[in-house]
Amino acid sequence: MIQKSQKTKIAVVDTMFARGDMGKVAIETIEKTARDNEWQVKVVRRTVPGIKDIPVAMLNLLEQGCFAGIALGMPGSAPIDKQCSHEASMAIQQAQLMSKKTVLEVFVHEDEGKNDQDLANVMRNRAQKHAQNLMWLLFAPEELQKRAGSGERQGRDNAKKLEL
Amino acid sequence: MIQKSQKTKIAVVDTMFARGDMGKVAIETIEKTARDNEWQVKVVRRTVPGIKDIPVAMLNLLEQGCFAGIALGMPGSAPIDKQCSHEASMAIQQAQLMSKKTVLEVFVHEDEGKNDQDLANVMRNRAQKHAQNLMWLLFAPEELQKRAGSGERQGRDNAKKLEL
Amino acid sequence: MIQKSQKTKIAVVDTMFARGDMGKVAIETIEKTARDNEWQVKVVRRTVPGIKDIPVAMLNLLEQGCFAGIALGMPGSAPIDKQCSHEASMAIQQAQLMSKKTVLEVFVHEDEGKNDQDLANVMRNRAQKHAQNLMWLLFAPEELQKRAGSGERQGRDNAKKLEL
Amino acid sequence: MIQKSQKTKIAVVDTMFARGDMGKVAIETIEKTARDNEWQVKVVRRTVPGIKDIPVAMLNLLEQGCFAGIALGMPGSAPIDKQCSHEASMAIQQAQLMSKKTVLEVFVHEDEGKNDQDLANVMRNRAQKHAQNLMWLLFAPEELQKRAGSGERQGRDNAKKLEL
Amino acid sequence: MIQKSQKTKIAVVDTMFARGDMGKVAIETIEKTARDNEWQVKVVRRTVPGIKDIPVAMLNLLEQGCFAGIALGMPGSAPIDKQCSHEASMAIQQAQLMSKKTVLEVFVHEDEGKNDQDLANVMRNRAQKHAQNLMWLLFAPEELQKRAGSGERQGRDNAKKLEL
Numbered sequence: 008m009i010q011k012s013q014k015t016k017i018a019v020v021d022t023m024f025a026r027g028d029m030g031k032v033a034i035e036t037i038e039k040t041a042r043d044n045e046w047q048v049k050v051v052r053r054t055v056p057g058i059k060d061i062p063v064a065m066l067n068l069l070e071q072g073c074f075a076g077i078a079l080g081m082p083g084s085a086p087i088d089k090q091c092s093h094e095a096s097m098a099i100q101q102a103q104l105m106s107k108k109t110v111l112e113v114f115v116h117e118d119e120g121k122n123d124q125d126l127a128n129v130m131r132n133r134a135q136k137h138a139q140n141l142m143w144l145l146f147a148p149e150e151l152q153k154r155a156g157s158g159e160r161q162g163r164d165n166a167k168k169l170e171l
Numbered sequence: 008m009i010q011k012s013q014k015t016k017i018a019v020v021d022t023m024f025a026r027g028d029m030g031k032v033a034i035e036t037i038e039k040t041a042r043d044n045e046w047q048v049k050v051v052r053r054t055v056p057g058i059k060d061i062p063v064a065m066l067n068l069l070e071q072g073c074f075a076g077i078a079l080g081m082p083g084s085a086p087i088d089k090q091c092s093h094e095a096s097m098a099i100q101q102a103q104l105m106s107k108k109t110v111l112e113v114f115v116h117e118d119e120g121k122n123d124q125d126l127a128n129v130m131r132n133r134a135q136k137h138a139q140n141l142m143w144l145l146f147a148p149e150e151l152q153k154r155a156g157s158g159e160r161q162g163r164d165n166a167k168k169l170e171l
Numbered sequence: 008m009i010q011k012s013q014k015t016k017i018a019v020v021d022t023m024f025a026r027g028d029m030g031k032v033a034i035e036t037i038e039k040t041a042r043d044n045e046w047q048v049k050v051v052r053r054t055v056p057g058i059k060d061i062p063v064a065m066l067n068l069l070e071q072g073c074f075a076g077i078a079l080g081m082p083g084s085a086p087i088d089k090q091c092s093h094e095a096s097m098a099i100q101q102a103q104l105m106s107k108k109t110v111l112e113v114f115v116h117e118d119e120g121k122n123d124q125d126l127a128n129v130m131r132n133r134a135q136k137h138a139q140n141l142m143w144l145l146f147a148p149e150e151l152q153k154r155a156g157s158g159e160r161q162g163r164d165n166a167k168k169l170e171l
Numbered sequence: 008m009i010q011k012s013q014k015t016k017i018a019v020v021d022t023m024f025a026r027g028d029m030g031k032v033a034i035e036t037i038e039k040t041a042r043d044n045e046w047q048v049k050v051v052r053r054t055v056p057g058i059k060d061i062p063v064a065m066l067n068l069l070e071q072g073c074f075a076g077i078a079l080g081m082p083g084s085a086p087i088d089k090q091c092s093h094e095a096s097m098a099i100q101q102a103q104l105m106s107k108k109t110v111l112e113v114f115v116h117e118d119e120g121k122n123d124q125d126l127a128n129v130m131r132n133r134a135q136k137h138a139q140n141l142m143w144l145l146f147a148p149e150e151l152q153k154r155a156g157s158g159e160r161q162g163r164d165n166a167k168k169l170e171l
Numbered sequence: 008m009i010q011k012s013q014k015t016k017i018a019v020v021d022t023m024f025a026r027g028d029m030g031k032v033a034i035e036t037i038e039k040t041a042r043d044n045e046w047q048v049k050v051v052r053r054t055v056p057g058i059k060d061i062p063v064a065m066l067n068l069l070e071q072g073c074f075a076g077i078a079l080g081m082p083g084s085a086p087i088d089k090q091c092s093h094e095a096s097m098a099i100q101q102a103q104l105m106s107k108k109t110v111l112e113v114f115v116h117e118d119e120g121k122n123d124q125d126l127a128n129v130m131r132n133r134a135q136k137h138a139q140n141l142m143w144l145l146f147a148p149e150e151l152q153k154r155a156g157s158g159e160r161q162g163r164d165n166a167k168k169l170e171l
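Protein chains in written order, with the working numbering: chain A, 8 to 171; chain B, 8 to 171; chain C, 8 to 171; chain D, 8 to 171; chain E, 8 to 171.
Worth double-checking, as some hints may not be accurate.
Each pair may be met inside one copy or between any two copies, as identical chains are not told apart.
Claimed, not checked - Within a straight-line C-alpha distance of at most 35 angstroms, the following computed DSBU-like cross-link-like pairs (lysine-lysine) qualify:
(1) K121 <-> K39
(2) K14 <-> K39
(3) K121 <-> K168
(4) K14 <-> K121
(5) K107 <-> K121
None of these hints come from the bench; they were simulated from the model.
The shape of chain A in the complex, shown without the other chains (with noise of 0.2 angstroms):
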């Protein structure tokens, strides 16, 4: 957990192919969530052209001192998009390996949404909630431990606890 007192930087690394900004929705959810609980935050953000693009300007803002990092981008509805997503997902992996930070993955699939309306919900609720994540991960760990195994999704509704 990091010291409430320094500023935490955060990389926030998105794509222009993505077709939302989905980016500024993270960005705003991290320094609003900051605000009201008076945690010191810096977002750095890099944009670059793909999903394949994020690994290792990831890795590098996270050598060069930002505590965690969330990285957004939208895998296109091909077979061969998927491909790509998994390469980018392997080396986001690789990255945090390398670093030993954490960086939440906010992939949208162009195909998930049942029209541009429902892929719009579904990006803004996936960047929110998950720029939420990260901001437990680095300043309330607590928060993540009390809702494990309790089912949370991200970018749809919640799925039903069992109890074991």
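Since the structure of chain A is provided, determine the placement of chains B, C, D and E on it from the hints.
Relative to the frame of chain A, chains B, C, D and E by itself:
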């Protein structure tokens, strides 16, 4: 094998996304097995949003002194969720090779259960058996060797052993 | 961002296998953009047999002083060719993380075109746009940020931007 | 190639999950081949729960002085099991590259056998032949080279050799 | 590029599993090309059981002084064999990035041939052309660049070049 007189730290990393608190089940099994055998353990737990957030969290716990870990999560049922579970698993493999420490992976796929009750049974059974396995790995590896090639399963009934 | 007064070395790696000289198109775009903006660049080009030979060639150029790279290739249309392109892409990701430098990947799949003319158009367009993107990444990152989440595509028409 | 006068340590890692004790078969072949040829070997065996637990266990044995290893396991027949075997295999590759030592992988897929007896035959045959191969790799590499491109198979009959 | 007066060591790694001696074909081509051009080479050959045993063998040869390598193998025709070839290829990529040296991969899939004669033709042709490519890479890279984007194929007829 661990010296039995020192407290052995064990990492438990689970998710908010899963539809049941497998982390709690694993911890109960670890602690009961430890008490029954007079093995000294200390559990360190982290909860992260989803399975792809497990690897870096686990790597950090292992590098901070945990001797081994257990990773509990629930991939969803869509094809993209299988891809995500593959990415998480590959990075958990990587985290093990980087730290030289074992992480048992307790993933229950959301579509493994015939219904909610069956799914809950699989989750509880797999979390318990792998928590047990982890204790054997750390404190009693001869228990594993006794069962070599015996068709032991976690989450379902054991398979039939063949004579070679 | 690069100091504009020094010569910035850029790696261009392409293949014999591709059915058109995308490397030449990329180099022409890089050099024209540099002249138009008075940015000083020096292109270092390597041609390799096929896409799987790109990663190590690129890594060597990046470690020998190139600031960034562009990788151009054409995966064939058979299933095994998709697998090869996946392997090449994964290793290009790895080369980026090892060198901490960006490599834009311009892969045009042989089956992307409706016919030879259409395929040639996709190849030319994608090579030009990504060469342009690379110049922005190196010399004018604000141009990328301006287009964040705007549905920019390379090789085809842009997609519609959604308000979030 | 190993000095024949010293004891060469060989790692054998197998699983509880497999439906037959392939580890025992491999060890018997290793020890018999060693006796027949007056090669000095010492087998170090570890049993782990399932195939995904093999890589880190193997890496540790190789780094603790084993010259090479053999990994024996049985992926299940469901699609998710193929994915798990892929993850295990990728990490076994990684463990080899990290340690610079060879690990022969003896995986028998649960659905390879026409029935239980056939499955048992494949398991025994593949474990024996790969144990033999490992001994050649360590002590008599010329035996492998003699058979270059000859269609040698493990677990099933050899294939027909073609003249090139 | 290599100094032409010293002996350049080249690694050739092939398998027992393949149904024809492609390693021999590659070595003949390497040695003939060297003689014809007065390039000094020394071939170091290793034969391993199957394609998944190539990467670590190749890495060792590259780290022991070989300047580049050629890896020859034959994945079988079953789906699991495609997975194995993917694992081998990924690890060969990794070995190249670790050693910073090029390895040309000559994999002929068992189901590529219309019949045994056709399969033998593909094997011979691909092994010869890639051995030739490797010599160009080491001694005459300008030959590769001359053919950039020209649709050169190994194992089959070349494809038609498009003007961009």
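Okay, the hints, checked on the actual structure:
no., hint, result
1, K121 <-> K39, "within (30 angstroms within a copy, 43 angstroms between copies)"
2, K14 <-> K39, "within (15 angstroms within a copy, 42 angstroms between copies)"
3, K121 <-> K168, "both (26 angstroms within a copy, 16 angstroms between copies)"
4, K14 <-> K121, "neither (40 angstroms within a copy, 49 angstroms between copies)"
5, K107 <-> K121, "neither (37 angstroms within a copy, 38 angstroms between copies)"
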